[in-house]
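Protein chains in written order, with my numbering: chain A, 1 to 645; chain B, 1 to 275; chain C, 1 to 171.
The set of hints was computed from the structure by calculation and includes no laboratory data. Some hints could be false.
[Claimed, not checked] Here are a few chain A residues that sit away from chain B, every Cβ distance over 10 Å (derived from the structure):
(1) 15
(2) 106
(3) 115
(4) 214
(5) 305
(6) 378
(7) 540
(8) 570
(9) 600
(10) 609
[As the list claims (entries may be wrong)] The calculated DSBU-like cross-link candidates involving lysine-lysine, where the alpha carbons are at most 35 Å apart (straight line), are:
(11) B:131 x C:95
(12) A:620 x C:101
(13) A:131 x A:202
(14) B:64 x A:346
(15) C:73 x A:403
(16) C:101 x A:590
(17) A:202 x A:304
(18) A:27 x A:113
(19) B:64 x A:604
(20) B:131 x A:346
(21) C:95 x B:217
(22) A:585 x A:604
(23) C:101 x A:604
(24) A:585 x A:558
(25) A:604 x A:558
(26) C:73 x A:610
Please read all numbers here as calculations on a predicted model, not as lab measurements. Backbone N, C-alpha and C define an ideal beta-carbon position, used for all residues, glycine too.
Chain by chain, the residues run as shown.
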Amino acid sequence: MRQHKIETREHLAEVRDSARRALLDGKPKVLVGMATCGLATGAQEVFDALCDEVRKSKLDVRIVETGCNGGCFLEPVVDVVLPGQARITYAHVEPSDAPSLIESTGDGKVYEKLAIGRIDAEPFLLEDLRKNYRRGKLAPDVKKVPPYSRVPFFRGQMHIAMRNCGFIDPSSVEEYIAKGGYAAAAKALTEMTPEQIIDEIKTSGLRGRGGGGFSTGRKWDTCRNAHVEPKYVICNADEGDPGAYMDRSIIEGDPHSIIEGMIIGSYAIGAHMGYIYVREEYPLAVKRVRLALRQAEEFGFLGKNIFGSGHDFTVRINRGAGAFVCGESTALMASLEGRVGEPRAKYIHTVESGLWSRPSCLNNVETWNNVPVVIARGAQWFSGIGTEGSKGTKVFSLVGKVKHVGLVEVPMGLTLRQVIEDIGGGIPDGGAFKAVQTGGPSGGCIPAEYLDTPVDFDRLTELGSMMGSGGMIVMDNHTCMVDIARYFLAFLKDESCGKCVPCREGTARMLDILTDICEGRGQPGDIELLGDLAAVMVDGSLCALGGSAPNPVLTTLKYFSAEYRAHIEERRCPAKVCRALITHKINPEKCTGCTLCANICPMKAISGEKKEPHEIDESKCIRCGLCVDSCRFEAIEVSEGMGQE
Amino acid sequence: MTEQKDVQFTIDGQSVRAKPGETVLSVARRHGIDIPALCHHESVSAYGACRLCVVEVFWGKRSKLVTSCIYTPYENDRVETNNERVRRTRRMILELLLARCPKVEVIRDLAREYGVDEPRFRTNGAAREGKAPPEPTRCILCGLCVRVCGEVVGQHAISYANRGMERVITTPFADQAEECVGCGACVFVCPTDALHYEDIDGQRIMKELKTTLPLLKCRVCGRPFATEKQVARIREGLNLPDELAETCPSCRGSEFRGIMEQTLGLVQSTTSQQD
Amino acid sequence: MSSVAELEIDGVVDEVLGRYSPDPSSLISVLEDLQEEMHYLPREALDQVSTALGVPRSQSYHVATFYRAFSLKPRGQHTISICRGTACHVKGADKIADILKMELNVSEDETTEDGMFTVQSVRCLGCCSLAPAIMIDRHVFGEVTSLSLLREILRSYREDRTRDTDAPTQD
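Just chain A, with the same shape it has in the complex:
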């Protein structure tokens, strides 16, 4: 159906109102979380089963695909709007649950088996509005389901960047508009001057969410004042930090939010061309952006004379090609130009000379996503959230050894403990907290004594780490910190573009030393050598990849030096991770001779007669741990040290 372009604020308001009526049409609605992680847990099968059920039952129930609401540990997640009642969140839904779930929904009842939380009103953050689902009294079975304010994972969270994730169908621009989408762009382009917009962004205190934390308003200002044409705005959706997937979820759940932010930014800066650079490892995100861009063009939000303001703006999408270094701004721009992702010296900033040597304003996904919020709700409101130096909220990917793995969005200033223990539920399986790694490969590991540190741009940097893009990887006593340092170096060595000596040679040499330490060949003087290398990599590298590469090593050396000493001086791994520094032994008293381990051992290192205690030939054993996993009698013991030496 050919869509008429929306060219005025009035028209937008009309579309918003009718879309809102469709969004909250008083009919039962089933939303299935189908972002990448949802799909990986089987959400497609759940979706199909639910559709089947609805068809069979002939009930008037709408089934909608939606993005990720952050509760990844609950997936597959299905939310159901019970008309006149509330919105119920169901967790761990399986295709076999479909009949009962649809039946309950048709009856206006809760499917109690899987209900974990309820939302009482549909939020419209951009308009400071909440529309209650309830008409009349809450039914007793609905009341029994705890509201989000009493669900530990959701309590304490504040969804600004994730405002639409899990609430809209990301492939529907109408639903985006229903939530107040594109009204901020309309306001900015028709009611505000570029200077006013930049002022607003400055006053809000919005800082770059990609890790740099630079003042967004100041960046826009400098770019605006660079009098060279043409100018570009760029969205960095390369999200390279392993363990971080906040940006992916925002793109998959709410792609238009980024486009709207870029429209406002382009107008403020004076750019007419924009690029969204998405890593190629995110195919669903690429698909969502492509569709959203087409829709935005059809509706007239992109193209010529947007909202009759006289401002023209188009956006193209480019994919990355598998290079972490392309998250660095100059390397990203090189990639956009069709070249390899080699950074260049930034003595002249990219806002003055960037893509094709023109002024380029590059911002992260979450940053662009926050822009319409600042314009819609105002700088005053925005700066009331967070801390003195870090305004607003931040989305974190809370992963690793934590009970509630997922995406968490909280006001800046909450402590690590609040995020990891209160929201995250703490360490599972009886483990003990050991460290939390923040800031990706540029960051560091923070030990337990600093759990009460507020999380914002500056506090974690003081500890030697950084907030980075928001990755928060929790580690317990089964994690070896020396191994973690080695892991990050292996990653960085692989991703180094190879242009400059300190990074290319330095990461390789650091990795050599750490590998030797992890494999029992550590030598006195190694720590000092690591320190010397670190200092020069920090000072002499061309870009932040090499410049921050030593951070994981430096923080682990600082806070976990005892572990390094154990590896180097005593040739043992206290966490029992480093394969060369542990030994597997079968306890003859516990072994029942079931032969399971002997069959599973890839090196055929286990021998023994049936029903007789087995033995592991240490010379063949590679300590892969498959036997330990398979033993039902806990008869295989892992001890520190290299065994026979």
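Since the structure of chain A is already known, use the hints to place chains B and C on it.
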């Protein structure tokens, strides 16, 4: 932003002036201050890869290390070219380069100047994997050869491949490069003697570039003196008559002086057009 | 091992080139589409692209060897990507990698003899709640913690030879 006027600043306490757009390295060299810079050459653009030319620049209360080959100074910058932080950085870079290229004399000499005789790094990566250690390279990946072939000769016959420690300089597919004219500019500009060519039996063999090109014999003395491709390029580019183009430099001598002068006149006008 | 006859390469390259503007900035997009269609970048394709876009062959070659997305050797029918993100690492990605390589008898970036699977590592799939994870073509499998589960997954691909390698991301 650099403005279109001279910049007044200091190097090692000495008051100096940079022309608009001039780098710290250039100013320093003009004043006889020696700063090592292996990946730098006047004929090509600055690259900032070796990092040896780092200097510390102070402004206000802050400072940072910058590569002097690229950095253009701001008014009142205070540059130090040889303090402890700078030397420590250069020392480590040389230690790393020496570990990579133990047989390259120019690196060994420079390293010794900074107090490095043997690198502390264990280069046993191959041994750890049970493989024989590879022959150490002479290439420091400075890229001068790549830039000279691209920017000066204009052939772009070689470039990098891979990334990180796998990075190498090569022809496409490590095979005979059609774009190579065998001019030898890359060999000339290489600071570590990592590239070579040999003229044997009427062929120029660009060893490391896996490229062999037929040489043209001089019309007069019959000795092979340049590759056919190179001669063809020069002939076209400068619009030379065949007699001149296909005669070797030794034989051109007095006989063709007239034509040379004529051609030089042509050269001046063509190069100004080509700018 | 799949390889495509020269004439076919020509046609595929022409078609892909038609999707983008004929200048150097299109290089990566063109190569990505070609990689997706042909499962690798044949030499002839690179040469053709270089000429069409006005990019020196040496630059195309650098781009093709710099980025992990590209392969100059034919890849197997299915690419198995082992996630090496931090969360997966902490939950035993090393072990999965070892088991997988032993099971298929290949090393990193190698293809099985029957041409079915190529095994590679990727930096992070962003499915940290499902660590350790692997991706086969575009399908993510989470919590791959046992050899039996892995064998089951591989078997499902072997048995269903027509299994969708997942449509290209172009809509």
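Against the structure, the hints come out as follows:
With a least beta-carbon separation of about 44 Å from chain B, residue 15 (chain A) lies farther than 10 Å from that chain, consistent with its non-interface assignment. For residue 106 (chain A), the non-interface assignment is confirmed: its Cβ lies about 57 Å from the closest Cβ of chain B, beyond the 10 Å cut-off. For residue 115 (chain A), the requirement that its beta carbon stay farther than 10 Å from each beta carbon of chain B is met, with the minimum near 50 Å. At roughly 16 Å from the closest C-beta of chain B, the C-beta of residue 214 (chain A) stays outside 10 Å, upholding its exclusion from the interface.
Every CB of chain B is more than 10 Å from the CB of residue 305 (chain A) (nearest about 32 Å), matching its label as outside the interface. Look at residue 378 (chain A): its CB is around 33 Å from the nearest CB on chain B, clear of 10 Å, so calling it non-interface holds up. With a least beta-carbon separation of about 5 Å from chain B, residue 540 (chain A) fails to lie farther than 10 Å from that chain, contradicting its non-interface assignment. Even its closest Cβ contact with chain B, about 20 Å, leaves residue 570 (chain A) beyond 10 Å, as expected for a residue assigned away from the interface.
Residue-level check passed: residue 600 (chain A) sits 26 Å from the nearest beta carbon of chain B, beyond 10 Å. The beta carbon of residue 609 (chain A) sits about 34 Å from the closest Cβ of chain B, which is more than 10 Å, so the claim that it is off the interface holds. Note on residue 131 (chain B) and residue 95 (chain C): the hinted pairing holds, with a Cα-Cα distance of about 24 Å set against a maximum of 35 Å. For the suggested pair residue 620 (chain A) and residue 101 (chain C), the alpha carbons sit about 18 Å apart, so the restraint of at most 35 Å is met.
Of the supplied pair hints, the one linking residue 131 (chain A) and residue 202 (chain A) holds, its CA atoms being roughly 31 Å apart against a limit of 35 Å. For the hint linking residue 64 (chain B) to residue 346 (chain A), the alpha-carbon distance of about 12 Å falls within 35 Å, and the restraint holds. Between residue 73 (chain C) and residue 403 (chain A) the alpha-carbon distance is near 42 Å, which puts this suggested pair outside the 35 Å criterion. Restraint check for residue 101 (chain C) and residue 590 (chain A): satisfied, since their Cα atoms lie roughly 32 Å apart, inside the 35 Å limit.
For the proposed pair residue 202 (chain A) and residue 304 (chain A), the alpha carbon gap of about 28 Å is at most 35 Å, so the pair holds. The suggested pairing of residue 27 (chain A) with residue 113 (chain A) holds, with an alpha-carbon distance near 23 Å, which does not exceed 35 Å. Only pairs whose Cα atoms come within 35 Å are accepted, and residue 64 (chain B) paired with residue 604 (chain A) is rejected, the gap being roughly 57 Å. Simply put, residue 131 (chain B) and residue 346 (chain A) have alpha-carbon atoms about 41 Å apart, too far for the 35 Å limit, and the pair is violated.
For the hint pairing residue 95 (chain C) with residue 217 (chain B), the CA-to-CA distance comes to about 64 Å; that exceeds 35 Å, so the pair is violated. The straight-line distance between the Cα atoms of residue 585 (chain A) and residue 604 (chain A) is roughly 15 Å, inside the 35 Å bound, and the hint therefore holds. Of the supplied pair hints, the one linking residue 101 (chain C) and residue 604 (chain A) holds, its CA atoms being roughly 16 Å apart against a limit of 35 Å. For a cut-off of 35 Å, the pair hint linking residue 585 (chain A) to residue 558 (chain A) stands: about 33 Å separates their Cα positions.
Restraint check: the Cα-Cα separation between residue 604 (chain A) and residue 558 (chain A) comes to about 41 Å, which exceeds 35 Å; the hinted pair is violated. Distance check on the hinted pair: residue 73 (chain C) and residue 610 (chain A) sit about 47 Å apart at the alpha-carbon level, beyond 35 Å; violated.
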